[in-house]
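Q: Below, each chain spelled out in residue letters.
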Amino acid sequence: METLDEFLEFVYRETGLEVAPAQADASFDDLAGWDSVYLLALLTALEKKTGHRVSLTDALEARSLADIYRTEATR
Amino acid sequence: MDELGVRILAAGTALPGPLIDNATLAKRFELTSLWEEWVDTFVGNRGRHLARDLKTGEIQCTLADLCTTAGGRALTAAGLEPGQVDLMVLASASPDALMPATVNLVADRLGIDGVPTYQLLSGCTGAVQALDVAHKMMLTGRYRTALVLGGDSIAKHFDIDADLSKQSAAEAINGVLFGDGAGAAVLSTDPVPGTSTLRHVSVQLVGRGRPPGQTLEWFGQAELTSGRPPVTEDYKAIEASVPAMTVEAFNDLLGELDWEEEDVDYLLPPQLSGRMTERIIGELSLDRAQNVNCVAEIGNTGNSTPFFQLELAIPRMAAGDRAVAVSVESSKWIKAAFALEVS
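Sequence lines, in order, name chains A and B. Each residue of the first sequence is one higher than the one before, starting from 1 at the first, in my numbering. Each residue of the second sequence is one higher than the one before, starting from 1 at the first, in my numbering.
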């Protein structure tokens with residue numbers, strides 16, 4: 001995905017969670033509604049889209065959706 | 001005159017087929033290592049047993065088969081014959097059929113007849129409800145030996161041809177959480193030395209005004225294409241409510257018996273998932289009690305769970321030991337608990 005906006009649209013399509021660009025850097029603890037099930041849905045969708053295996057251990061280093069975008073969505 | 005007491009003489013359990021670990025499920029349904037890592041990290045269930053063969057799709061055993069095996073094992077462990085049973089109560093959320101009730105098929109196979117039999121329809125607290133019914137009926141003095149059973153099977157809901165990659169994450173999780181199984185306990189009013197007395201059983205609905213946290217449908221001939229989802233779970237509500245309900249049920253039971261936390265030698269907590277059970281144990285934070293868990297190994301087995309826990313706890317308990325079991329059900333929010341003491 002080229003831009004963060006595209007990534008956030010992708011997040012919405014795959015999880016149903018609407019996240020404004022201003023919230024992309026919010027920590028997951030502060031992101032309303034976010035939980036581990038959404039994380040699984042998002043990471044699974046990213047694997048399919050990018051064709052790259054996602055390591056959960058690595059993904060858990062991410063503290064925000066923006067972190068996931070930077071490390072996983074731009075591969 | 002000694003007060004009539006109800007003792008648990010023995011427990012017995014049954015599991016279908018081989019243990020199916022997460023790697024086997026992942027391979028069978030073409031799920032990636034990400035899924036396995038996620039299950040290990042966030043669910044904490046390592047295995048389960050399933051009545052439906054994952055390769056052929058055939059149901060290898062029915063709930064009646066499992067309950068019959070469990071009931072037979074409990075009776076053998078108690079040193080009793082089926083003909084000595086004068087009361088049966090079975091709880092399940094997934095009976096093989098609405099009629100005839102599974103309890104009556106089990107009675108038939110065990111050779112039990114001419115006695116009252118009851119079947120309760122409920123989720124995880126059903127087993128405790130069944131113990132409650134048997135306990136209260138036996139305290140009337142009219143029944144001497146009860147066979148109480150609980151079991152569940154997800155076979156009717158486990159579509160082996162489903163493309164799990166197309167399911168929502170929440171739907172796919174159910175396949176990981178649950179396992180099939182059956183359990184039974186033999187209750188007696190005979191004062192058998194070395195056995196534990198059922199000191200108290202409580203069941204309480206606390207769901208007034210609350211939306212269900214879990215639904216499970218059955219479909220008649222006119223509804224087979226209704227499109228309604230057979231199973232729904234509000235896992236966020238479950239995560240938010242179950243630990244607190246467990247603590248309440250535990251404290252209420254202690255209050256009823258005038259026991260202190262340090263009086264509890266064994267805790268049999270709700271077994272929803274490995275991680276949820278760890279969280280519940282953390283919130284109860286009991287210094288002395290040994291925890292009796294099985295969910296990580298065999299999954300959430302619904303109405304059979306307390307019997308698996310009893311089967312583990314009973315051999316460990318010595319004279320004077322006390323155990324508290326808690327069960328919480330999210331269908332319409334029910335708290336249940338029971339306490340044992342070895343005299």
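Worth flagging that the hints you see were computed from the coordinates, not collected in a lab. Possibly wrong hints are sitting among the right ones.
Unchecked claim - Simulated pairs of lysine-lysine, BS3-like, Cα-Cα distance not exceeding 30 Å: (1) B/K236 / A/K49; (2) B/K27 / B/K55; (3) B/K55 / B/K156; (4) A/K48 / B/K27; (5) B/K156 / B/K332; (6) B/K27 / B/K332; (7) B/K27 / B/K156; (8) B/K136 / B/K236; (9) B/K136 / A/K48; (10) B/K55 / B/K136; (11) A/K49 / B/K27; (12) B/K236 / A/K48; (13) B/K332 / B/K55.
Q: Would you mind marking each hint as holding or not holding in the structure?
A: Right, here's what the structure says about each hint:
Distance restraint check for B/K236 and A/K49: the Cα-Cα separation of roughly 27 Å lies within the 30 Å cut-off, and the hinted pair is therefore satisfied. Distance check on the hinted pair: B/K27 and B/K55 sit about 12 Å apart at the alpha-carbon level, within 30 Å; holds. With a C-alpha separation of about 16 Å, the suggested pair B/K55 and B/K156 falls inside the 30 Å cut-off, and the hint holds. For the hint linking A/K48 to B/K27, the alpha-carbon distance of about 17 Å falls within 30 Å, and the restraint holds.
A C-alpha spacing of about 22 Å is found between B/K156 and B/K332, which places the hinted pair at or below 30 Å, so the restraint holds. A distance of roughly 35 Å separates the Cα atoms of B/K27 and B/K332; the hinted pair therefore is violated under the 30 Å criterion. Taking the CA atoms of B/K27 and B/K156, the gap is near 22 Å; set against the 30 Å cutoff, the hint holds. With a CA separation close to 35 Å, the supplied pair B/K136 and B/K236 exceeds the 30 Å bound.
Under the criterion of a C-alpha separation no larger than 30 Å, the hint pairing B/K136 with A/K48 is inconsistent with the structure, at around 56 Å. A C-alpha spacing of about 45 Å is found between B/K55 and B/K136, which places the hinted pair above 30 Å, so the restraint is violated. A hinted pair counts as satisfied when its Cα atoms are at most 30 Å apart, and A/K49 with B/K27 qualifies at roughly 21 Å. Simply put, B/K236 and A/K48 have alpha-carbon atoms about 26 Å apart, close enough for the 30 Å limit, and the pair holds.
For the hint linking B/K332 to B/K55, the alpha-carbon distance of about 35 Å lies beyond 30 Å, and the restraint is violated.
Going through the hint list in order, the structure does not satisfy hints 6, 8, 9, 10 and 13.
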